[in-house]
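Peer 1: Next come the chains, spelled out residue by residue.
There are 4 protein chains.
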Amino acid sequence: MILKGEFVPGERLAEIPLAERLGASRTPVRLALGSLEHEGLIEPSPGGGYQMRRFTLREISDAIRVRGLVEGFAARLLAEEGATRPLLRALHDCLSAGDKAVYKARMDLDDYAAYVEMNDTFHRLIMDGCGNAALKRSMESLMGQPFAAPSAMLPMQSSMEEGHQWMQQAHRQHHALVQAIERGQGARAQALGEEHVEIARMNLDYASERPELAANLMPGLKLVGVHPGK
Amino acid sequence: MILKGEFVPGERLAEIPLAERLGASRTPVRLALGSLEHEGLIEPSPGGGYQMRRFTLREISDAIRVRGLVEGFAARLLAEEGATRPLLRALHDCLSAGDKAVYKARMDLDDYAAYVEMNDTFHRLIMDGCGNAALKRSMESLMGQPFAAPSAMLPMQSSMEEGHQWMQQAHRQHHALVQAIERGQGARAQALGEEHVEIARMNLDYASERPELAANLMPGLKLVGVHPGK
Amino acid sequence: MILKGEFVPGERLAEIPLAERLGASRTPVRLALGSLEHEGLIEPSPGGGYQMRRFTLREISDAIRVRGLVEGFAARLLAEEGATRPLLRALHDCLSAGDKAVYKARMDLDDYAAYVEMNDTFHRLIMDGCGNAALKRSMESLMGQPFAAPSAMLPMQSSMEEGHQWMQQAHRQHHALVQAIERGQGARAQALGEEHVEIARMNLDYASERPELAANLMPGLKLVGVHPGK
Amino acid sequence: MILKGEFVPGERLAEIPLAERLGASRTPVRLALGSLEHEGLIEPSPGGGYQMRRFTLREISDAIRVRGLVEGFAARLLAEEGATRPLLRALHDCLSAGDKAVYKARMDLDDYAAYVEMNDTFHRLIMDGCGNAALKRSMESLMGQPFAAPSAMLPMQSSMEEGHQWMQQAHRQHHALVQAIERGQGARAQALGEEHVEIARMNLDYASERPELAANLMPGLKLVGVHPGK
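Taken in sequence, the protein lines are chains A, B, C and D. Using this note's numbering, the first residue of the first sequence is number 1, and each one after it goes up by one. Using this note's numbering, the first residue of the second sequence is number 231, and each one after it goes up by one. Using this note's numbering, the first residue of the third sequence is number 461, and each one after it goes up by one. Using this note's numbering, the first residue of the fourth sequence is number 691, and each one after it goes up by one.
Calculated from the structure, these hints are not laboratory results. Treat the hints loosely; a few may be bogus.
[Stated by the list, open to error] Computed cross-link-like contacts, SDA-like style, restricted to lysine to any residue with a CA-CA straight-line distance of at most 20 Å: (1) C:Lys560 - C:Glu669; (2) A:Lys104 - A:Asp93; (3) D:Lys794 - B:Arg336; (4) C:Lys560 - C:Ala574; (5) D:Lys794 - B:Gln395; (6) D:Lys794 - D:Ala804; (7) B:Lys366 - A:Ala133; (8) C:Lys596 - D:Arg744; (9) A:Lys100 - C:Gln629; (10) B:Lys334 - D:Gln858.
So that you can see chain A by itself, here it is in the shape it has in the complex:
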C-alpha cells in the first residue's frame, strides 16, 4: 500500500484510522507500524503516531548500491563454492527467456513483462542459491525499502528512448555473471553484481530529472523529496 504511493511524505499514519480503513484490529496494525519504522519507511510524528518518511534521492541510490554489494557477494560465494547443477540450469533458463525478450528489433509489453519476471527470478535464484543466511536476511531488509528491489527501477526504462538498449546491456551482464559463476571467477562475479546496479542508479537519476513523467509511471516516487540529497 505504501509502496503503491497511496500515502505522501509527511502524511500522518495513526493506529485507529488505519485499522478502520483496513478492517483490522489495532494490535496487528501496531506491530506492522513498528516493523515499518524499523525498516526506515515511516518515522514518529511530532503530533503522535507515525508519518510517512520523505526519501532523498541519495538514500535510494545508496540502498541500490548496497543491493549491488550484497548480490555481488552472493554471486561471488556461488563462484567460489560452486553452484549446483539444478541452479545453473535454472539460471540458463533465465538467460534464454531474457534473450527472447530483449534481442529483437522492438520490445512490446509482453516482452517487457517477460523480462521483469525473468529478472526477478534470476536475482532470487542467486540470493537463494548462496548458502549464507545472514546475507539473505540483509537482502530481505533491503527489499523492504522503496526502489531497492531488482526490478524497481526498470519501469522507467521502457519510456526512455534508449530503454531497450539498457535492458540489452543489463542482460549481457546477466550472461557474464553466470559465466563468472561457472568459471569460479569470484572477483569478477562480485564486480559484475556491483556494476549491474549502476544501470538502476542511472535510471533513478533520469527519473528524478523528469518528475511529471516519473510520477505517472511510478506512483511510489512521490515518496522522494523535492530537495534531493547531494
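Got chain A; can you put chains B, C and D on it based on the hints?
Peer 2: Relative to chain A, chains B, C and D alone:
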C-alpha cells in the same frame, strides 16, 4: 538477556511468564518477541509461542563474514569519497590507544579492556562516517545476531596462548585500513575489512573445538548447536 | 612484418637472408632477433637460427587477460590518486568521438576507423596518465605480443552480425571507466578494465571457430596453431 | 654485477672497457647492454655508450606494487582454476619451513636464511603454478629491476628491532594465501598478494630514511637517487 546466555537453545519463551519475570505488560513483550523473530534469534515453537533458536557454527561464521563485507564497504566509501579531518583524527586516536594496549611484552586485563573499547570505537567510527544509511541499517541488523559484533570474538583470544599475537595482527590491520582510507585506496580498504574478520572466524573455530573452555568465557556460546553445519 | 602475417609458424628466420631481404647489416638484425625471442615471438630453431613460434589460442587469450589486469590497475591508480584536468578533458574527447562513431543506426568504414583511432588514444591516455613506470613497461612488453593490443581484436567485430552492438557495449564501458576515475572508485575502475577485455577474448574465440573468415581479415592469425590449447 | 652495487648512478658503461673487464668479446656485451636498457636499468649516456640509471624511491616502490598485482593475479588464477595436489603439498611444505623459522622467541642467521629460501620458493611456486605464460613473462621482466624481487627488501628487516615481527606478519599472509587458494577465494587471493608487498614497500621507506645503515646492508641501494620522487 538472550545474548548473556540465560536461555538455552530450544527453551520455550511464552509471553505471560516472560512478562512476569520482567515485570512488564504483555504488549511490549509481544513486540520484542516479534522483533527477535525477525532478526532470527528465536523461532515459533511447535507448542505455541516461541523458542530459542539453535545456531550452527556455519550461521555465525557466515554472519561474521557479512560483517566484514559491510565494514569493508564502509571503509571503501570513506577511501573513495574522502574522510573528514575530525574523523581521521579520531581514527588515529584509536590507533594510538591500540598501540599502547598491544605493543608490550605482556597484556594485562586493563590493556585488554582498553583494546576492546578502542576496537568498538574504531569500527563504529567507520560505519558512522560512511554516508550510506542503508549500509548502516544492514550493520545494525547484523549486530543483533549472536557473535557478529566486532568485539564478540575477542574474549576467547586472551585465553589462547597466541591471543596476544592475534590482537597485534588485528591492530596492524587497523593501521593499514586507516592508511588505505587516507590514500584513497578503496579496493584495498574493502579487502582489509573482509580480511579483518577472518581472525574472528578463526577464533570461532578455535572456541568450538574447546567447548568447556568456551562455555566459561562466553556464556552465549550455549546457543551454538552441538552439530555444527558443514 | 611478423605481425602482418608474412611468416608462418615454424618458418625459419636466419640472420643472413633476413638482413639481405631488409637491406640491413647483420648486427641490427641479430639484436632484433634477440629482442623478439625475449618477447616470445620467435624461438630457437633446431636447425640453428630462429623460427616463428606457433601461438595457441590459450596463450593469446591469457595475454589479453593480463592486459586487462594492467590497464585496470592503471585506471585504478588514476581513480585513487586523481587524474589531471587535461587528462580528463582528453578522455572526454575520446568519449564524444566514440559516441559519434557507434551510436548510429549503421556504422560505415569511416566510423569504424574513427572508433579504432579513438580506442587506441583512450587506452594510451590511461597508461600514460598513471604515474607507475614499471606498469607502463609491463604494458609495452605485452603490446609486442600478437593480438594483445587494445584494438587487435576489433577488426573481427565489423564482420560479425552483432559487431556493432559489441562496440556500443565496449564504448559504454569506456564511459563507466571515466566515471569511475572521476569519482575515485578504484575497485570499480580495476574491475571495468578487466571486464573490458572479455569482449576481445570472446571475439578471439569467435574468430578461431571461423578460420577462413578470420584469415582474410587478420593475416596475423596464421600464427595461431590449429591445435588450440585447452 | 650491477645489482651488487659495483656501479654508481651516472657511471659510464662503454662496450670496450666492459668487455675487457669481463674477458668477453664485444658482441655479447653489446647485446647485454641493449637488454639492460630495455629493462630500464641503464640509459644512453650523453657522451656515447650507456650510463647507470639513478632510481627514485618512487620507481622502486611502484615496481614492488606491480609485483604485488602480478603475484596476486597468479594466486587468484590458482584459486579460480584450482591448484594441483603436488603444488598444494609444496606450498604447505613452505608454510611448515617458514613456521619453524619465524615462530620462535629469537631468530638466528640460519633461521633467517631458511626463511629467505622458503620465501623465494613460495613465490616461485605460485608464479610457475598459474598457467598464464604472459603473466610469467611480466613477472620475469619485473624481477630484473632493482629491489622488485620477493626477497629483495627482506635483508633490512633483520636489522630492524621489529624485523622479526614483520616476518611473522608476512608469513601469516603466506598461510592466508594458501587458504584462499584452497577455498577458491580468488578475490581474497588477489588482495592478499597486493597487501603482501606493502611490507616490502614499508621496509623500503624505512631503509631510505637510514641511508648509512642501508648502504652497508644493501650495496645495491646506491642506485637509489638522493632526491626521492614524491
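Peer 1: So, for every hint listed, does it hold in this structure?
Peer 2: Tested hints:
1. C:Lys560 - C:Glu669: violated (32 Å)
2. A:Lys104 - A:Asp93: Answer holds: Lys104 of chain A to Asp93 of chain A is near 18 Å, not above 20 Å.
3. D:Lys794 - B:Arg336: Given pair Lys794 of chain D, Arg336 of chain B holds - Cα atoms ~16 Å apart, limit 20 Å.
4. C:Lys560 - C:Ala574: Status holds; Cα separation ~9 Å.
5. D:Lys794 - B:Gln395: holds (13 Å)
6. D:Lys794 - D:Ala804: holds (13 Å)
7. B:Lys366 - A:Ala133: Answer holds: Lys366 of chain B to Ala133 of chain A is near 19 Å, not above 20 Å.
8. C:Lys596 - D:Arg744: Roughly 18 Å separates the two Cα atoms, so the pair holds.
9. A:Lys100 - C:Gln629: holds (19 Å)
10. B:Lys334 - D:Gln858: Answer holds: Lys334 of chain B to Gln858 of chain D is near 16 Å, not above 20 Å.
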